[in-house]
Amino acid sequence: MNLTRRVRDILACYEGENPGTKANLARMLMTGKLSGTGKMIILPVDQGFEHGAARSFAVNPPAYDPHYHYKLAIDAGLNAYAAPLGSLAAGADTFAGAIPTILKMNSANSLSTMVKDADQAVTASVDDALRLGCGAIGFTIYPGSDSMFAQYEELRELSREAKAKGLAVIVWSYPRGGEITKEGELAVDVIAYGAHMAALLGANVIKVKLPTDHLGNKESKKVYEEKKIPIATQADRVRHIMQCCFDGRRIVVFSGGAAKGDNAVIEDAKAIFAGGGNGSIIGRNCFQRPREDAMKLLGQLIDVYKGKA
Amino acid sequence: MNLTRRVRDILACYEGENPGTKANLARMLMTGKLSGTGKMIILPVDQGFEHGAARSFAVNPPAYDPHYHYKLAIDAGLNAYAAPLGSLAAGADTFAGAIPTILKMNSANSLSTMVKDADQAVTASVDDALRLGCGAIGFTIYPGSDSMFAQYEELRELSREAKAKGLAVIVWSYPRGGEITKEGELAVDVIAYGAHMAALLGANVIKVKLPTDHLGNKESKKVYEEKKIPIATQADRVRHIMQCCFDGRRIVVFSGGAAKGDNAVIEDAKAIFAGGGNGSIIGRNCFQRPREDAMKLLGQLIDVYKGKA
Amino acid sequence: MNLTRRVRDILACYEGENPGTKANLARMLMTGKLSGTGKMIILPVDQGFEHGAARSFAVNPPAYDPHYHYKLAIDAGLNAYAAPLGSLAAGADTFAGAIPTILKMNSANSLSTMVKDADQAVTASVDDALRLGCGAIGFTIYPGSDSMFAQYEELRELSREAKAKGLAVIVWSYPRGGEITKEGELAVDVIAYGAHMAALLGANVIKVKLPTDHLGNKESKKVYEEKKIPIATQADRVRHIMQCCFDGRRIVVFSGGAAKGDNAVIEDAKAIFAGGGNGSIIGRNCFQRPREDAMKLLGQLIDVYKGKA
Amino acid sequence: MNLTRRVRDILACYEGENPGTKANLARMLMTGKLSGTGKMIILPVDQGFEHGAARSFAVNPPAYDPHYHYKLAIDAGLNAYAAPLGSLAAGADTFAGAIPTILKMNSANSLSTMVKDADQAVTASVDDALRLGCGAIGFTIYPGSDSMFAQYEELRELSREAKAKGLAVIVWSYPRGGEITKEGELAVDVIAYGAHMAALLGANVIKVKLPTDHLGNKESKKVYEEKKIPIATQADRVRHIMQCCFDGRRIVVFSGGAAKGDNAVIEDAKAIFAGGGNGSIIGRNCFQRPREDAMKLLGQLIDVYKGKA
Amino acid sequence: MNLTRRVRDILACYEGENPGTKANLARMLMTGKLSGTGKMIILPVDQGFEHGAARSFAVNPPAYDPHYHYKLAIDAGLNAYAAPLGSLAAGADTFAGAIPTILKMNSANSLSTMVKDADQAVTASVDDALRLGCGAIGFTIYPGSDSMFAQYEELRELSREAKAKGLAVIVWSYPRGGEITKEGELAVDVIAYGAHMAALLGANVIKVKLPTDHLGNKESKKVYEEKKIPIATQADRVRHIMQCCFDGRRIVVFSGGAAKGDNAVIEDAKAIFAGGGNGSIIGRNCFQRPREDAMKLLGQLIDVYKGKA
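Same order as they appear, the protein sequences are chains U, A, X, P and S. Under my numbering, the letters of the first sequence match residues 428 to 736, in that order. Under my numbering, the letters of the second sequence match residues 428 to 736, in that order. Under my numbering, the letters of the third sequence match residues 428 to 736, in that order. Under my numbering, the letters of the fourth sequence match residues 428 to 736, in that order. Under my numbering, the letters of the fifth sequence match residues 428 to 736, in that order.
This is chain U alone, in the form it adopts within the complex (with noise of 0.2 Å):
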């Protein structure tokens, strides 16, 4: 399969990788219907860990399935599909090479106590990933977290090696602890500024929460007012966000939060791909809604990043 232009020009930005990780990534943009767009839809199912498994798939008892994920992933024409190491290894024999997998290597959940110094626990090894043919990883940090110095170094020695071994490296970023407010979280002064870390720390993919036209940091508001930096909408502000990731050479994928409905789903979408971000990593608004609402929504999400819609 010959890489398209548009994915040769997103490779030829990671310059300082090697071909093993270049070849991982490629896979990812060239699988799925969205294939050599430059453009991906991302599944996570990571919401076990976060709430346990009955407030994730009571809703739709059939998700309990592990296999169930994979199915859909593929089914719908997905890029990827990310998961924590229990749920992905469960069906990574029968799933093989059907779709590129992420293993989620950190995770949090719901019986933490802990909050300024919000943390995750590291539950996998790069070589887990390895074993079970995934092509990346992914690690979730936490700016602004009393943890996050110790994060950015798990992240870095599990990068160092998951490069070496030539696979990608997908960061979560979502600001959180320390001194940030709830509504700090989704600043996009705040957002913007996480992401600008997840690439210097070497992330070859980063994953951020849509945010909103707050601005959550005393210092950094008056730099936006004053340059006045357009944030009024929402394509405006994943415009800015993609600046933010060394203008451009690092592919940006959006999330959208609690399950919500269909045109809110889509709307997100489409300011994501006005904005010139590079898709959406859409977990609960696919596994919460019955398997054939789910591959409808999936679908017309791919008609917006094709730019059909």
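Worth flagging that the hints you see were computed from the coordinates, not collected in a lab. The structure displayed is predicted, hence computed values, not measured ones. A portion of the hints provided could be inaccurate.
The list cannot tell twin chains apart, which means a pair is met if one copy fits it or any two copies do.
List of simulated lysine-lysine pairs, BS3-like, C-alpha gap at most 25 Å [what the hints assert, rightly or not]:
hint: 1; residue 1: K543; residue 2: K687
hint: 2; residue 1: K687; residue 2: K654
hint: 3; residue 1: K609; residue 2: K723
hint: 4; residue 1: K735; residue 2: K649
hint: 5; residue 1: K460; residue 2: K733
hint: 6; residue 1: K636; residue 2: K543
hint: 7; residue 1: K449; residue 2: K655
hint: 8; residue 1: K649; residue 2: K687
hint: 9; residue 1: K654; residue 2: K723
hint: 10; residue 1: K733; residue 2: K609
hint: 11; residue 1: K645; residue 2: K543
hint: 12; residue 1: K735; residue 2: K687
hint: 13; residue 1: K543; residue 2: K592
hint: 14; residue 1: K645; residue 2: K609
hint: 15; residue 1: K654; residue 2: K733
hint: 16; residue 1: K648; residue 2: K609
hint: 17; residue 1: K592; residue 2: K697
With chain U fixed as given, assemble chains A, X, P and S onto it according to the hints.
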């Protein structure tokens, strides 16, 4: 010995594992009077570590001798015997090959003053398990404890090494510490969450306590009530736990807690059987009875799991 | 030198160990005037670390010289000599092969301010033991201390390495710290619990203090009273400790504490002998007496353990 | 390219180093418009990590692109370019061999809540520096911070590895935290102490801020006053810093802090030149100006260091 | 060069050590004007780390240059020169083989806010000592500090590695922190205890401060008074320290503290000589004098240690 269809089906769920690990799971499933049924009874003897030798064995003094437990498990036709390093080693040569053994890797004790950060000491290594001829390692996690993340990371390392060396991994998942109340430790939602995390962490076999119908977490209580998840009977709750462990793709065994009457123990086993659970892990209710009473009770449990009771 | 029947029986209990470790146990049991009896007297000299040289040796100044202790242990016909790195090394060449030596791996000191978290520094390595020709390592644990879990994990690593290299492992089990009171440190239930944990941790030889008839733990007190465990006499208590160490499958030696009169020391030994204990580990009551008094006392103790007194 | 006499003299001071490390120091000294003069101007771009992309680059948007900085440093004829992992990697292939690069190994950020224990995360490895073709690593220490000892130990390990692999080591020595006041961070005695410690820690090149004539430490104030150490002018203070760095045996470069007018920047450089300093490390005053203004200013600085201004 | 009888006797006390370590001890004892006498004068220059360059060297500015100290130690005929990594490296090539050097492995500084947990940063590695041609490593412990156990464990590792590689180990034992008062830091019982622990930790050479006749510890005070240990004169106290260091089996050198008059320095040396101590380790009283004054004073000290004064 040809594996039964039931055992082959169970093994097929362990997609991500080495043949060595599967072989050790198969050995446990093909040993003793429940051989081939997919059901298991395991004898765990770590009460001495938890509460001291006298509190554990004075009621039945022959049990001070580590050989006693090996013989009991073998003579009763159980599937496996689990114990900490010192006592397992004390019979490892005499009973070599006579029954699958599980090296309990970590242990707490009642002199510890840790409460919210309840933890255990890791007292053995994977290579100890190999040199003693064990088929599996056992590891306790305390979901909810402020030490939880560190425990998960210890488990990650031990599990990675154990599986790479062909051993199976059995996780004791006991919610405790942090903001979990005494009642919450047995709440069905909390235990189901802990069991799900054990599965996500890569456990091959999951051990939990039989839950009550209490709901311990405000957020999940809403979901359990809204979705009308059946938790009224013990069998319902066992069935729910199995669902939370990858929809039945993982072996789950249940412990019954403190010493109690024969009838109560048998009723528990009937509920586990009815709910589709894989069996019992039963310590104090074995070795704190005179040997012949224990043998009789274990015979009755075996009948339950054979569907004869 | 052919092993006696008694020594062969003792060694047979060490099922899980390498021949190298058994050989070192055998050497200790076959050395000195108690050779072959299954009884042992060990000279431990770590008081200098615990309290300083002057507090330890000013009462008997020749004892400032590390050679003094080697000579005393050899001339008195003891089974082994234990000391920290520096002082053991100071005579290791002169007395090479003259008596089995035990490298004390960790030490506390009286300048430390730790109380509830009482701990020791690990001051030597297993390879030090090998290069100095030692037959065993010695390690202190403080069951009950808030540092207990970390100590158990240090012991796990040192023990694993020592046994892999053919050395024996001797554990000083001294309950202390956490919620343990001064009286509780000597309580028979607490010491028995600490001894049992040492056995579970894989100790080959266990060293405890002679317990009082106090019961230090509310929960275990109930059991001791209910089950009428005999603890009235010192011999009863020694017998109970032996039972808690795998029903006599482990060598247990007892220390007598601060310097005291000859009669008291001899009475202790008689009780240890009567209760089936393996012997004495006796420091201050040796080196804080003039050499000829110490020689005489040790001769009397040897007679006790030979059953002649 | 033959080394100049001046550069050979400088290299001769690095007695303890490998030829590989000296070669990399030589490359920096023999690159750009100051080649062979023993003077250096380095472009450091880690402001994005410290304050976010928008606060760093919105004033001059082309600077969002990592290539911008490489080009600026090359076109202006500077000696080296320093940046964190992600942004350095983003141009490492395009600009391979075009200018010596310095991988900044650790970074702080303005979301951190650490004050007295101010610290940085180590975000790259020495092997990253090698695979990206860097000639040196850069590492920040905060003398005075409660995290200082841990930082020194991180530097020890990274420095040892970097030098063993033929790289040079550049230390950013920025007193901060602990009992150091805001005014004290720039005090000449405190900065001189921090520079001296960097030299003792084995730094090949030392980067400090230009100090004020404030004396921040009571004990050293007495000595400075008693011994009448000249600190009145900026050139005096630079001269004192050089003396504190092994009497001029180490390369020291000075940073100028926040963006300011051209004249102020040039006056700083004249003082550094007059005081015998080795040059400037100048970030915000480069990339926060439009490119042509930055080019002009850098040209003027080069003239200063050539002794033409 | 044949070893003298006195040096051979000293070396014979180092039973546990490799020939490489003994050779390095021999080199120190056979160097300089005290060659072969069993006495030593060592020049230590770590004051720059402790207090900054200006506080250390402004009183005698040539001392800013690391070469100054090498030359002083060589020209005065001292036995060895000790310094931290950076300054030792700065002359390691020029003075290769000219005098035995000691790499000071850890250092504190006066910006640190640690008091009860007083500690030092480990700033060099054993391999640094080898590549720089050193004959020994130097390491400071703070007996009594809440960081003491961690320091002992660092020393264990560095000492093990250093000795395995044929280097000698010199321990600076300076009681400090925890519950030790300022007066207690110099108390003879406390310093004697610290010296004894250094010996137990495996130190080849022990460096302590000259003690006062104060008794700093309540428990040991009783023993010193009861046993009438002679501590009235400085020579008495030196003799007691030697006794506490394995009854004279270890080399002990004494430091004199802050800069003071020539007579006071000479009186100290006379007391050390009279008490059987091995010599002086003298820093500020050397390099804070003009070179010719220092040379004269060192000449007088050498005469004292030759028994000529």
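Note to self: Cα distance capped at 25 Å. Does K735 pair with K649 within a copy, between copies, both, or neither?
What the structure shows: This pair counts as neither: shortest intra-copy Cα distance 39 Å, inter-copy 40 Å.
Exercise. Using 25 Å as the alpha-carbon threshold, which applies to K449 and K655: within, between, both, or neither?
Worked result: Intra 36 Å, inter 47 Å, cutoff 25 Å: neither.
How would you label the pair K543, K687 (within, between, both, or neither) given a Cα cut-off of 25 Å? neither (28 Å within a copy, 36 Å between copies)
Q. Between the shortest in-copy and the shortest cross-copy C-alpha distance, which are at most 25 Å for K543 and K592: within, between, both, or neither?
A. neither (34 Å within a copy, 39 Å between copies)
Could you place K735 and K687 in one of the four classes (within, between, both, neither) given a Cα distance threshold of 25 Å?
within (23 Å within a copy, 50 Å between copies)
(Q) Within, between, both or neither: how does the pair K609, K723 come out at a Cα-Cα threshold of 25 Å? (A) neither (33 Å within a copy, 45 Å between copies)
Intra/inter-copy verdict for K648 and K609 if alpha-carbon distance must be at most 25 Å: The answer is both: 17 Å in one copy and 24 Å across copies each meet 25 Å.
Using 25 Å as the alpha-carbon threshold, which applies to K645 and K609: within, between, both, or neither?
Answer is both; intra-copy 15 Å and inter-copy 20 Å each pass.
Original post:
Taking 25 Å as the upper bound on the Cα-Cα distance, should K636 and K543 be classified as within, between, both, or neither?
Top reply: Only inside one copy: K636 and K543 sit 20 Å apart there, 32 Å across copies, limit 25 Å.
- Using 25 Å as the alpha-carbon threshold, which applies to K592 and K697: within, between, both, or neither? neither (36 Å within a copy, 50 Å between copies)
Quick one: K654 to K723, C-alpha cut-off 25 Å, is that within a copy, between copies, both, or neither?
between (42 Å within a copy, 24 Å between copies)
For K460 and K733, with the copy left unspecified, which applies at a CA distance of at most 25 Å: within, between, both, or neither?
Classified as within; 9 Å inside a copy, 50 Å across copies.
In summary, the numbered hints that this structure violates are 1, 3, 4, 7, 10, 13, 15, 17.
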